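Student: Here's the letter readout for the chains.
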Amino acid sequence: MTRKVGIVSYALEGFQGEARMSSDELVFRAVNSALRKAGVGRDSIDAVAVSSVDAYDGITISNGLTAPAAGGYEKDATRIQGGGIGAILSAYASIQSGSAELAVVAGGDAVRYDDAAISNASYDVHFHRGSGITNIQSYGLVATSLLKQGVATEDDFARTAAKNYKAGTTNRHAHITSGYSYEDVSSSPMVAWPLRALEIAPVSKGSAALILASEKRAKELTRNPLWITGIAAGSNTYAGSWQDLLEMKGLRKAISNAYKSASIKNPIADIDFFELYTPASPLELAYYEPLGLCERGKASMLLKNGIRFSGREIEVNPSGGALCTNPGNCGGVYRAAIAMEYLEKHDHARRGFIQDSDINLGFMGETYHVMILEKETR
Amino acid sequence: METPSFMSKQYNMHLDFSLALGASFTKWMQALKEKKILGNTCPKCKRVFVPAKPFCEICFEELKDWVETDGTGVVESFTVTYQKFRNCPEPPYVVGIIRIGNAGTCMTHWIGGLDYKHPDEIPEKIKIGMKVEPVWKEERVGDPLDILYFKPVA
Ligand SMILES: [Zn+2]
Chain L
16 MTRKVGIVSY ALEGFQGEAR MSSDELVFRA VNSALRKAGV GRDSIDAVAV SSVDAYDGIT
76 ISNGLTAPAA GGYEKDATRI QGGGIGAILS AYASIQSGSA ELAVVAGGDA VRYDDAAISN
136 ASYDVHFHRG SGITNIQSYG LVATSLLKQG VATEDDFART AAKNYKAGTT NRHAHITSGY
196 SYEDVSSSPM VAWPLRALEI APVSKGSAAL ILASEKRAKE LTRNPLWITG IAAGSNTYAG
256 SWQDLLEMKG LRKAISNAYK SASIKNPIAD IDFFELYTPA SPLELAYYEP LGLCERGKAS
316 MLLKNGIRFS GREIEVNPSG GALCTNPGNC GGVYRAAIAM EYLEKHDHAR RGFIQDSDIN
376 LGFMGETYHV MILEKETR
Chain S
13 METPSFMSKQ YNMHLDFSLA LGASFTKWMQ ALKEKKILGN TCPKCKRVFV PAKPFCEICF
73 EELKDWVETD GTGVVESFTV TYQKFRNCPE PPYVVGIIRI GNAGTCMTHW IGGLDYKHPD
133 EIPEKIKIGM KVEPVWKEER VGDPLDILYF KPVA
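Respectively, the protein sequence lines represent chains L and S.
To convert, count from 1 in the first sequence and add 15; that's our numbering.
To convert, count from 1 in the second sequence and add 12; that's our numbering.
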């Protein structure tokens with residue numbers, strides 16, 4: 016029998032500028048604040064899942080510091096590398112199995128590093144690392160294929176970025192709030208053709224924490240729990256064809272499993288907003304079709320017309336997405352918290368879709384995670 | 013003296029590693045010394061892997077049969093880098109996804125042999141589906157960088 020798992024509290028710390036403290040202090044602050052909001056202490060926690068990439072923390076076992084900072088002392092503490100929704104999935108599984116009633120998920124980004132150099136070091140050393148590839152070139156390679164397939168134009172890449180920047184101006188947690196226009200984006204320097212500087216996400220510093228609870232605990236702690244009604248993962252090949260990579264079968268599998276679990280037949284009718292991990296603007300256009308938002312090859316038209324159902328707009332990245340806020344360790348946890356805030360603020364919104372992946376380190380052998388968060392039906 | 017609100021600690025890491033390449037990768041790398049690009053084949057799906065791979069990720073079978081390609085390939089995608097990245101070449105350079113022979117997989121390598129005098133025009137000079145061939149180094153050690161770059165087939 017499956018148990019219901021809810022999220023009862025969240026907290027976000029930082030993101031606006033440079034970090035002024037270490038990762039563990041940032042994690043402590045977010046977790047402490049999320050626990051206080053939920054009205055529970057560290058003693059009540061059964062499990063802790065921390066999301067981090069060692070290289071982003073400049074240390075070879077980052078959770079040594081951050082698991083205790085997330086309340087992990089004497090607890091079932093796990094560290095997941097590869098996106099925050101992976102850590103949420105780990106905590107979700109602890110609650111599903113009955114081994115935990117209350118779990119913390121957290122991550123923090125503090126250390127300043129060379130993002131592209133860390134990405135280059137994520138590629139295999141025998142075939143790829145010497146070829147001058149980083150996450151940015153990998154996004155550029157995918158973008159070139161989108162142009163060739165007629166999915167989108169260079170103009171669409173700039174318009175998608177501008178749409179995200181505009182949304183970011185209304186997000187009080189966002190790192191980039193300058194609202195860059197289409198003109199700003201399309202005149203920004205070319206970095207890796209066809210990608211321009213303002214079509215690529217920055218690196219953001221901050222921390223995020225969530226408190227997950229079993230149905231019983233969730234109902235004790237809050238009148239408005241949000242339920243995880245779908246959560247799934249899927250990986251792609253590393254040594255596959257270029258077509259395999261573009262087809263994103265891992266993402267498609269994760270989406271179909273999550274939709275099935277949340278009984279979603281028509282995503283446009285059944286989901287109110289999408290928070291996607293799109294560290295380069297063309298990726299948003301690449302994800303529209305696998306998400307079921309448009310037919311193959313129609314992303315450009317969808318961008319132009321917007322997504323509407325029964326007279327309301329279905330927003331993609333209402334937070335401004337990764338172009339506005341892109342913390343490498345806690346990204347998925349941040350997006351889940353942002354989605355909770357969106358559901359709290361918008362009465363009409365019932366269900367949000369959150370997507371995550373480890374493509375912050377670049378494409379190839381990528382793993383995708385997706386989650387559906389839903390309000391209690393009254 | 014005023015106490016700053018926070019300090020920062022600067023540091024770096026330099027670590028040495030050694031990776032054993034195994035029989036498949038070793039055979040593939042050794043052939044490069046002879047200006048040969050080999051592939052190995054999945055017994056189940058019959059896909060050819062270039063570069064070689066010890067196993068098929070999809071069928072989960074060991075790859076044992078070898079084929080020799082003529083070294084030519086087609087460009088599946090490319091990106092033109094205009095910015096300097098650490099541990100990467102001086103810009104501009106072109107990273108290409110190249111499918112060798114009838115391979116079912118791809119190699120990542122540079123596309124060169126182009127006129128780089130007008131960097132803005134590089135993207136127009138490369139076409140997806142364009143046929144390319146390897147330009148070899150004089151001194152080869154058994155490494156993908158024994159190929160200087162792939163150039164358009166005249
Ligand atoms: Zn196979």
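Because the hints were derived from the structure by calculation, they are not lab data.
As the structure is a prediction and not an experimental result, all values here were calculated from the model.
Any given hint could be a false lead.
Calculated lysine-lysine pairs in the DSS-like style (CA-CA distance at most 27 Å, straight line) [to be verified]:
#1 Lys-319/L <-> Lys-163/L
#2 Lys-149/S <-> Lys-163/L
#3 Lys-264/L <-> Lys-58/S
#4 Lys-129/S <-> Lys-163/L
#5 Lys-139/S <-> Lys-268/L
#6 Lys-137/S <-> Lys-268/L
#7 Lys-163/L <-> Lys-139/S
#8 Lys-280/L <-> Lys-360/L
Cβ-to-Cβ under 7 Å is the rule here; a few derived chain S residues that face chain L [unchecked claim]:
#9 Cys-71
#10 Gly-83
#11 Thr-84
#12 Glu-88
#13 Gln-95
#14 Phe-97
#15 Pro-101
#16 Tyr-105
#17 Val-107
Per the computed footprint, the stretches of chain L lying under chain S, defined by three or more beta-carbons under 8 Å from a beta-carbon of chain S, are [stated by the list, open to error]:
#18 144-156
#19 246-254
Glycine residues also receive a C-beta, built at the ideal position from the N, C-alpha and C atoms.
Student: Of all the hints given earlier, name the ones this structure violates by number, lowest first.
Tutor: Hints 2, 5, 6, 9, 10 and 11 contradicted; others consistent.
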